[in-house]
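Trainee: This is what each chain is made of:
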Amino acid sequence: MSPSLPTPELPRLRLGYIPLTDAAPLVVALENGHFEHYGLDVSLSRQPSWATLRDKLGIGHLDGAHLLAPMALACSLGVEGVPQRLVTALSLGLGGNAITVADNLYRDMQAAADGQPVTAQALASVIARRRAAGADPLTFATVYPTSNHTYLLRYWLAAAGIDPDRDLRLIVVPPPQMVQRLKQGDIYGYCVGEPWNTLAVRDGIGCIVAAGHDVWNNAPEKVLAVGAAWAQRYPATHMALICAIVEAARWLDESPENRLRAAHLLAGETYLNLPVEVIAASLSGRLTVDQRGTQRELTDFHVFYRYAANFPWRSHALWMLRQMVRWGQLPADADLLAAAHATYRPDIYRLAAARLGVAPPAVDMKAEGGHRCAWKLGEGNAAVALGPDRFIDGAVFDPADVGAKIAH
Amino acid sequence: MLVDDDLERRALVAAALDGAGLAVVAELGTADGLLRAVAACTPDVVIIDLESPDRDILENMRCLSRDNPHPVVMFATSSDSEAIREAIEAGVSAYVVDGLSPGRVHSVVEVAVARFRQYASLQRELAEARTSLAQRKLIDRAKGILMERGRRTESEAYHALRKLAMDQNKTIADIAQGVIDTAELFK
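So the sequences go chain by chain: A and B. Residue numbering for the first sequence is 26 to 433, as defined by the working numbering. Residue numbering for the second sequence is 152 to 338, as defined by the working numbering.
Think of the hints as simulated: they come from the structure by calculation, not from any bench. Where hints are given, some of them may not hold.
[What the hints assert, rightly or not] A few chain A positions that, by computed beta-carbon distances, are all more than 12 Å from chain B:
{"no.": "1", "residue": "D80"}
{"no.": "2", "residue": "A166"}
{"no.": "3", "residue": "D389"}
[Said to hold, decoys possible] Per the computed footprint, the stretches of chain A lying under chain B, defined by three or more beta-carbons under 8 Å from a beta-carbon of chain B, are:
{"no.": "4", "stretch": "234–240"}
{"no.": "5", "stretch": "330–343"}
[As the list claims (entries may be wrong)] A few chain B positions that, by computed beta-carbon distances, are all more than 10 Å from chain A:
{"no.": "6", "residue": "L158"}
{"no.": "7", "residue": "E159"}
{"no.": "8", "residue": "D205"}
{"no.": "9", "residue": "R206"}
{"no.": "10", "residue": "I208"}
{"no.": "11", "residue": "E210"}
{"no.": "12", "residue": "N211"}
{"no.": "13", "residue": "G295"}
{"no.": "14", "residue": "R303"}
{"no.": "15", "residue": "T304"}
{"no.": "16", "residue": "S306"}
{"no.": "17", "residue": "A311"}
{"no.": "18", "residue": "F337"}
C-beta: ideal position from N, C-alpha, C; glycine also.
Given these sequences and hints, build the entire structure.
Mentor: See below:
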């Protein structure tokens with residue numbers, strides 16, 4: 026155990042996760058012994074639904090969880106049933122999502138694109154044609170109302186002039202059920218985390234039309250969420266947990282070989298119970314996107330450690346909160362800044378980073394959308410390398426403007 | 152409306168709700184058709200297994216409640232969080248349609264919680280069986296006293312006990328104990 030850290034008050038922990046590739050940092054931390062190294066005896070508990078995960082966290086059946094970042098915020102605001110104060114001091118990574126459509130819809134979109142790349146514009150044409158013919162609106166799915174999947178899909182649609190509430194029907198389907206629902210024709214498309222996009226392509230029923238990265242480069246995704254009271258009661262345990270997971274994330278981004286080893290771990294029966302190649306696709310950044318075998322190289326598909334991926338940016342929190350207001354989940358006069366401050370705890374992350382010798386960003390917020398390439402925040406030795414953060418519509422989100430306009 | 156893929160447990164809960172005078176309008180094993188079923192039955196309460204992946208679908212309906220004439224909402228406000236806690240711990244999550252009084256929901260959940268607990272813990276069930284045996288003995292003794300002194304038939308004696316229990320909001324065993332105690336005094 027690391028000598029520089031106080032002994033965890035609660036050495037035995039139970040963490041919840043949903044079967045997704047981006048649960049990798051938790052699985053790696055357990056399987057590679059990072060938890061053990063920090064004096065923690067962790068068990069991972071696979072959960073059937075996000076609501077279940079949230080409720081078990083709320084009543085203390087789970088000590089912490091791999092949670093949708095917006096869900097952690099929504100819980101604290103009481104958007105989600107019983108208000109429960111959750112905090113996060115650790116982002117589990119950037120990216121990891123994609124938008125998939127049914128094969129038949131993809132063919133219609135291809136026809137509408139007329140030789141040009143198949144984008145949401147093509148979907149807009151298909152929708153217009155269907156409406157003219159008097160057909161029902163298409164049904165799309167996301168994994169949860171307060172998820173980045175919902176916000177990325179809505180952003181992608183809205184950027185092409187599609188009104189997600191009028192032109193489409195959006196429903197919720199749990200990730201492991203997506204492919205089956207697409208096959209049954211209940212839905213025409215969805216936005217979900219991997220491997221549930223690659224699986225649809227492999228099964229010959231869907232095509233990946235956009236990666237989450239295309240909508241927002243290096244968008245935040247899951248966080249490690251714990252109860253606010255829990256964090257206060259067990260600070261040394263929380264610290265050890267963060268350190269162990271950051272070490273696992275670092276290992277994940279160290280080499281392609283490590284990514285492949287992670288794919289093997291995740292593929293196991295206890296975790297995702299799927300073929301290794303399906304999980305390896307997005308982890309290696311090489312996705313097969315359609316039935317003709319077209320490949321896309323996306324080295325930033327999953328980012329676990331690079332670009333300060335573990336830092337809980339309050340500007341990320343504000344963007345998500347703004348999406349909640351934009352799509353009517355939160356009243357326009359909600360105190361977004363207070364919610365972002367209460368739930369996102371970069372101060373705790375910085376303490377862990379100091380123990381690990383990792384240089385954290387010196388600020389809690391940054392403007393999002395202004396960088397097409399990797400860039401550096403700060404000067405000299407204190408500079409932190411960050412990734413591109415461009416939005417599909419070229420917009421810039423300035424957290425200082427929150428409340429000024431609810432356009433993006 | 153009841154959603155649970157475990158047939159046995161579903162039957163237990165359904166029986167419990169029925170016993171509490173609450174009609175189960177639909178029983179579903181999976182969410183296949185959950186949306187349609189909710190629209191068709193407009194249930195007051197949907198009780199769904201905590202471990203069901205379909206809970207997310209139900210929660211989505213709650214989120215969409217603003218546009219829905221029959222909104223599905225989670226009943227708990229922060230003051231009810233203890234009830235929710237109990238429900239979740241017992242493997243129950245309860246959702247209600249607007250306009251249902253919290254008192255009634257509470258009793259629904261309480262009954263369901265009791266049933267889930269009974270199902271979940273074999274030990275507890277065993278203990279309960281033992282208690283009920285002891286209670287039966289009490290009731291039998293009380294019935295005997297009533298039959299002897301009040302010249303009632305067995306059925307009349309039992310109904311008298313049950314009516315008193317309902318009127319006083321006590322269990323039949325409690326009333327039976329009272330009858331026995333009183334009889335002791337007049338010996």
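Trainee: Looking back at the numbered hints, which does the structure fail to meet, lowest number first?
Mentor: Hint check: 1, 2, 4, 5, 8, 9, 10, 11, 12 fail, others pass.
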